[in-house]
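Residue numbers (the working numbering): 3 to 127.
Mixed in with the good hints there might be a few duds.
[Claimed, not checked] Straight line, CA to CA, 20 Å or less: simulated DMTMM-like cross-link-like pairs of lysine to aspartate or glutamate:
#1 Lys14 with Glu66
#2 Lys51 with Asp116
#3 Lys14 with Asp78
Simulated from the structure, these hints should not be mistaken for lab results.
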Amino acid sequence: MVAENKDFPPLKNDNVLRAARGEPVDRVPVWVMRQAGRYLPEFQAVRAKHDFFEVCRTPELACEVTMQPLRRFDLDASIIFSDILVIPQALGITVEMKPGVGPVLPEPLVGPADLERLNQTGTMD
């Protein structure tokens with residue numbers, strides 16, 4: 003049983019939810035891991051204008067790149083765009099995305115004393 007929220011429109015496709023509950027579905031639900039990325043020209047266009055973490059932190063940009071694969075493919079679900087590395091950023095750890103390298107932490111935690119550097123509130127500027 004799914005609680006209904008009158009603030010949201012009804013689902014157009016609930017195949018993933020029904021399958022997760024073990025209910026019958028008319029076909030196997032489809033979603034894509036790593037749905038946003040290099041293979042989508044529209045994602046590349048967003049990234050040409052915005053830093054990776056800016057996309058993660060900006061709801062409108064995250065929503066846009068979340069919806070891009072749904073507009074292009076007949077998928078049953080989408081994953082909200084974000085990245086696990088926003089967590090260390092919220093703790094005050096600098097994370098840089100280096101082209102051709104990937105994520106880099108210039109000042110990683112290397113010992114127990116480094117825990118004092120962490121932002122205890124978990125809030126970001």
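Checked hints:
Between Lys14 and Glu66 the CA atoms are separated by roughly 19 Å; this keeps the pair inside 20 Å, and the hint holds. Among the hinted pairs, Lys51 with Asp116 is inconsistent with the structure: their alpha-carbon atoms are about 34 Å apart, more than 20 Å. Our distance criterion of 20 Å between C-alpha atoms is met by Lys14 and Asp78, whose separation comes to about 9 Å.
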